[in-house]
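Asker: Read off the chains here:
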Amino acid sequence: MTTKYSEDHEYIRLEGTDGTVGISNFAQGQLGDIVFVELPAVGTTFKKGDEAAVVESVKAASEIYTPVSGTITAVNDALDGEPALVNADAEGAGWLFKLSVSDPSELDGLMDEKTYASHNE
Amino acid sequence: MTETTPEDLKYTPLHDLHVSLGGRMVGFGGYSLPVQYKGIVAEHTHTRESASLFDVSHMGQVTVDGPDHATTIAALETLMPGDLLSLDPGEMRYTVLLNEQGGIEDDLIVTRPAADQVPDGTMFIVVNAATKHHDLAVMEQALGDTLTFTLHDERALIAIQGPKAADVLGRHSDCVNKLIFMQATPTKIGGIDCHVSRSGYTGEDGFEISVANDDATKLAELLLAEPELEPAGLGARDSLRLEAGLCLYGHDMDARIDPVTAGLLFAIGKRRRTEGGFAGAEKVLKILGDGATQKRIGIVFDGRMPVREGAELVDQNGQTIGRITSGGFSPTLQAPIAMGYVPKPMAEIGASITAIVRGKPVSGTITKMPFVPQNYVRALS
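The listed protein sequences derive, respectively, from chains A and B. For the first sequence, the numbering used here gives the first residue as 1, with consecutive numbering after it. For the second sequence, the numbering used here gives the first residue as 122, with consecutive numbering after it.
With the rest of the complex left out, here is chain A (with noise of 0.2 Å):
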């Protein structure tokens, strides 16, 4: 299983063509606290960089952009009732949507954990 993650700051968690979307702990600090997240439709296909979910902090409303090509699977029903999950636990069970990947290949262009973690400093 390995995480890899966008300059957008979303996460992408890999078990074969599987993979579980959200954003990362860095980005859910930037955001402050959560209030409404808005997740795609199961069976919709999106390209690498397209919007595909929307996280609303009190402050501000922010696209949220799958980092690879691929169909979503499964969304993440219990951010509707508790969207602070994000807040809470990012990169665990504040995850947004899993899709079926499409292209593997388009993985190579996204950071791992180590790079993710100095692009953020």
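By construction, these hints were calculated from the structure, which means they are not laboratory data. The reader is advised that the hints may include incorrect statements.
Listed next, the in silico PhoX-like pairs over lysine-lysine satisfying Cα-Cα at most 25 Å (straight line) [claimed, not checked]:
hint, chain 1, residue 1, chain 2, residue 2
1, B, Lys465, B, Lys404
2, B, Lys339, B, Lys309
3, A, Lys48, B, Lys299
4, B, Lys465, B, Lys489
5, A, Lys98, A, Lys48
6, B, Lys309, B, Lys299
7, A, Lys47, B, Lys489
8, B, Lys481, A, Lys98
We have chain A; now place chain B onto it with these hints.
Answerer: Just chain B now, with coordinates in the frame of chain A:
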């Protein structure tokens, strides 16, 4: 997602204190100010339950000097529809600076200094940060022959707001026992010369303290040493004022909107409604008599999705009828709240209304403001 702080932003005298307290600094009204310390919701809730300290030094503190009280008041009343003549020493009034079309150039608070504090031709005005130089130019152009206007960049302004604010300040000054809402007095706090008013922008009881820049950090640290008081940033200030139904200049009203349409009737004195004699009076009084065609409304939306500034309001047929001027998530109500303008026939309290967010309709209910009850102290116990 990271906020940048352009280098041409001005610092308030509390800048280093904000940074040392973990404030996340952003640009606002030309100043670098903290948007939050621990978090907007935590700071918001703390203000409603205890007390918070806000740095509002970016606002414009202006002294107006004229030959005598009557002359100063008569001159200011030509630009503002508030009843300034009825102000007793130590009283303050919220009003607006109007243009010849009756549009709001700014909203402001005029204070008549306490007796013997300053010469009797002097008045104090506090105006918005982004408009302070503009306001000064407008007032100087119209009244410069009679009055002198001085902007006090050498003074800071610190607000302490919340139900415990009087307890906190009361340990350092007896002024809390003398002031009710919208009154002001000079006092000493921890030996520091200050000018304190019982006023604010949160809907809670609280005080705004004007102090020399050189003493500002010492004063803030003295107050923050009190256990009830925590620092709060611009984010909480905005969500608090929205819950309190208070307008933000440049968003909820501007130079194209008159005070009647904006629902700021309390900014127009009763005497002034019959006498007129202020910029744009003919237009404003006509709208007052005929009724405004548009109205500023409050809305509570269903669900949890914030409906923000700029969102369109539509009727049942999807036709645009207005737009949101301020909106966000209310930590107190745990619901999205907003202000906006719609045609008056559609502005009835309790009526359903629809906004469009990212292409999708969101329904809400037109709600009387304030959204959260105000807790001003209007009588001394």
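Asker: Are the hints correct? Go through all of them and say.
Answerer: Going down the list of hints, with the structure as the test:
1. B:Lys465 with B:Lys404: 18 Å, holds
2. B:Lys339 with B:Lys309: Holds - the C-alpha atoms of B:Lys309 and B:Lys339 are around 13 Å apart, at most 25 Å.
3. A:Lys48 with B:Lys299: 64 Å, violated
4. B:Lys465 with B:Lys489: Roughly 14 Å separates the two Cα atoms, so the pair holds.
5. A:Lys98 with A:Lys48: Holds, at roughly 14 Å.
6. B:Lys309 with B:Lys299: Within the cut-off at roughly 14 Å; holds.
7. A:Lys47 with B:Lys489: 45 Å, violated
8. B:Lys481 with A:Lys98: Distance of about 24 Å is within 25 Å: holds.
In terms of the numbered hints stated before, the structure departs from hints 3, 7, listed from lowest to highest.
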